[in-house]
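Listed in order, the protein sequences are those of chains C and H. First residue of the first sequence: 5, per the working numbering; consecutive thereafter. First residue of the second sequence: 5, per the working numbering; consecutive thereafter.
Derived from the structure by calculation, the hints contain no laboratory data. Hints are not guaranteed to be accurate.
Some chain C residues flagged as far from chain H (calculated, every beta-carbon gap over 12 Å) [claimed, not checked]:
no., residue
1, Ala78
2, Arg119
3, Cys219
Chain H stretches covered by chain C per the calculated footprint, using a threshold of three residues with CB under 8 Å from any CB of chain C [said to hold, decoys possible]:
no., region
4, 6-14
5, 18-24
6, 75-86
7, 91-97
8, 148-156
Each pair of labels, with its calculated beta carbon distance range [said to hold, decoys possible]:
no., chain 1, residue 1, chain 2, residue 2, range
9, C, Arg119, H, Glu115, 58 to 66 Å
10, C, Glu80, H, Glu115, 52 to 60 Å
11, H, Pro112, C, Arg13, 25 to 33 Å
12, H, Glu206, C, Arg13, 38 to 46 Å
13, H, Glu63, C, Glu218, 54 to 62 Å
14, H, Pro65, C, Gln274, 53 to 61 Å
15, H, Thr186, C, Ala210, 51 to 59 Å
16, C, Gly76, H, Gly171, 44 to 52 Å
17, H, Arg130, C, Glu218, 34 to 42 Å
18, H, Met66, C, His125, 38 to 46 Å
19, H, Thr128, C, Thr60, 26 to 34 Å
20, H, Glu218, C, Ser97, 33 to 41 Å
21, C, Ala99, H, Gly171, 31 to 39 Å
No residue lacks a Cβ here, since even glycine has one placed at the ideal position from N, Cα and C.
Residue strings, one per chain:
Number of protein chains: 2
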Amino acid sequence: VILVDGTQRESVSARDRGLAYGDGVFRTLLGRDGVLLHWSRHYAKLAADCAALGITCPEEPMLRREANAVAGAAGEHAIKMIVTRGAGERGYSYAPGAVPTRIVLAEPLREGHARGRSGVHVRTCRLRLSRQPALAGIKHLNRLENVLARAEWNDPRIAEGLMMDGGGDLIGGTMTNLFIVTAGRLATPLLTQCGVEGVTRERVIALAAKEGIECREQAIAPADLAGADEVFLVNSLAGLWPVCAWETRRWRAGPLSSFIQQWLDEDDGQVD
Amino acid sequence: VILVDGTQRESVSARDRGLAYGDGVFRTLLGRDGVLLHWSRHYAKLAADCAALGITCPEEPMLRREANAVAGAAGEHAIKMIVTRGAGERGYSYAPGAVPTRIVLAEPLREGHARGRSGVHVRTCRLRLSRQPALAGIKHLNRLENVLARAEWNDPRIAEGLMMDGGGDLIGGTMTNLFIVTAGRLATPLLTQCGVEGVTRERVIALAAKEGIECREQAIAPADLAGADEVFLVNSLAGLWPVCAWETRRWRAGPLSSFIQQWLDEDDGQVD
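Chain C extracted, bound-state conformation:
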């Protein structure tokens, strides 16, 4: 099911700037039996990303109604919301009053997400993320780097590829945020130069603060990963995937990963 600007249709204008320039943002969240998990956090991120690009974000009640409509009342769905700057004349400049386009769609959740919960094998991508502080953290529609990185492998046993930036720091997976655990402390890549700030990453950071677990946003080198006691990946559809194999390194699911996984599962974000 797809709603485009609130109407059930399968198409957008061929002049949409989301298509012409990737001029827009998106978020993906989990809908479970009619509940939009962590809606408030997702909407806040979407609105902040729109603001960063100067796009007028659709009002929260309207977007929530549309997400609820596509999610339906039963089952688990991936719900994707795209907001673009709208249709426009050819050329990079845009009128200040541009009317954004909103696309809200739902797809049944794939089984791969659940399978990763007992542990995943990951690889390192050759493609390096470029550093662009003006776009870092934003979940914008310029995602060719992710597409090229994801195209590097097709072995279904590899669940995710880790991406480094041009300086060799690890930034995250192609569709996940990365955490490492070292001597009981959490760390996750600093996303001031590239990468996407996911809602589940934000939730893990908030949980750590609440539980008194140290969690730093910092540069993480491959050597830090190799030396970590636990490594895990998160996103809003998968929850937490413990990493059990990367290069020659092997891990068992550790206690902190298990604790956070369980907490992520139990908190559906309805009391945000």
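We have chain C; now place chain H onto it with these hints.
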């Protein structure tokens, strides 16, 4: 007029990967009285860009027929061709046999292009282009950097903004390629880290080779620009714009700029 996959319609699938990820490429060329100027070069660039991203480029005769159809028989039009990886499932990975989407549209040429031919004022953009060798030179649909840079000014007297990369080297304008003339020699930014390789840039390089004028692709710093005898910008719609003002620096249209401008105007690329 817009043709989507050869059919006159105004819309594309809301699941198109061009929209979801900017997963595609484009080229813009000039149509004049039914003639597609420098078609062969534009198609070659489009095909090379498709190949770089692993997208199947539409066959040349079909795309040429569609460009001719939207261009019509009279007047000057900007003709834009977009090729995306096509509609697909959610997620960065794609099936090898993905059917690309092609969008061919024409718009009447704006008068600003002609006005710039006697000289333009340009500014320096604050936004720095990120370095990404995997995408450098390709005219792909991930153009948020250009959108943000173009949004930095709205003074209609400023025709173009010059963009630097993260290291402070000049790369080009938001929609043009840059050349400088110093002591009778041409230089244009090396585009191995970022920027778009335009057809008119390629034509100027070819002309210089034919005429025995030295033309280097090299790093160009702002100091090199300030010290240049002539500076000009090119693209396929505008031809050549001499730069007459940048920061505190002023230039008159110089002899090499005038020679190249005239040659660009006279060669319509029908004997390529």
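Now for the hints, and whether the structure bears them out:
Under the 12 Å C-beta cut-off, the non-interface status given to Ala78/C relative to chain H holds; the minimum distance is some 20 Å. Distance check for Arg119/C against chain H: the nearest CB is about 15 Å away, which clears 12 Å, and the non-interface claim stands. Every beta carbon of chain H lies more than 12 Å from that of Cys219/C, the smallest distance being close to 27 Å; the non-interface claim holds. Counting residues of the region 6-14 of chain H whose C-beta lies closer than 8 Å to any C-beta of chain C gives 4; at least three are required, and the coverage claim holds.
For the region 18-24 of chain H, the stated coverage by chain C holds: 7 residues have a C-beta nearer than 8 Å to a C-beta of that chain, and at least 3 were required. Only residues whose C-beta sits within less than 8 Å of a C-beta in chain C count toward coverage, and the region 75-86 of chain H has 3 of them, enough to reach three; the restraint holds. Coverage of a stretch by a chain is defined here by at least three residues with a beta carbon nearer than 8 Å to that chain's beta carbons; for the region 91-97 of chain H and chain C the count is 5, and the condition holds. Evaluation of the coverage hint for the region 148-156 of chain H: fulfilled, as 8 residues show C-beta separations to chain C shorter than 8 Å, against a requirement of three.
The beta-carbon spacing between Arg119/C and Glu115/H, approximately 59 Å, falls within the hinted interval of 58 to 66 Å. Between Glu80/C and Glu115/H the Cβ separation comes to about 55 Å, which falls inside the hinted range of 52 to 60 Å. The beta-carbon spacing between Pro112/H and Arg13/C, approximately 29 Å, falls within the hinted interval of 25 to 33 Å. Checking the proposed 38 to 46 Å range against Glu206/H and Arg13/C shows it holds: the Cβ atoms sit about 41 Å from each other.
For Glu63/H and Glu218/C, the hinted distance range of 54 to 62 Å is satisfied, since their beta carbons lie about 59 Å from each other. The hinted range of 53 to 61 Å is satisfied by Pro65/H and Gln274/C, whose Cβ atoms lie roughly 58 Å apart. For the pair Thr186/H and Ala210/C, the supplied restraint of 51 to 59 Å holds, since their beta-carbon distance comes to about 56 Å. A hinted range of 44 to 52 Å holds for the C-beta pair Gly76/C and Gly171/H, which are about 51 Å apart.
A beta carbon spacing of about 36 Å between Arg130/H and Glu218/C agrees with the range 34 to 42 Å that was offered as a hint. Between Met66/H and His125/C, the C-beta spacing of about 43 Å keeps the proposed range 38 to 46 Å intact. Checked against the hint of 26 to 34 Å, the pair Thr128/H and Thr60/C passes, with Cβ atoms roughly 29 Å apart. With their beta carbons about 36 Å apart, Glu218/H and Ser97/C fall inside the hinted range of 33 to 41 Å.
Between Ala99/C and Gly171/H the Cβ separation comes to about 34 Å, which falls inside the hinted range of 31 to 39 Å.
Consistency note: the structure conflicts with none of the earlier hints.
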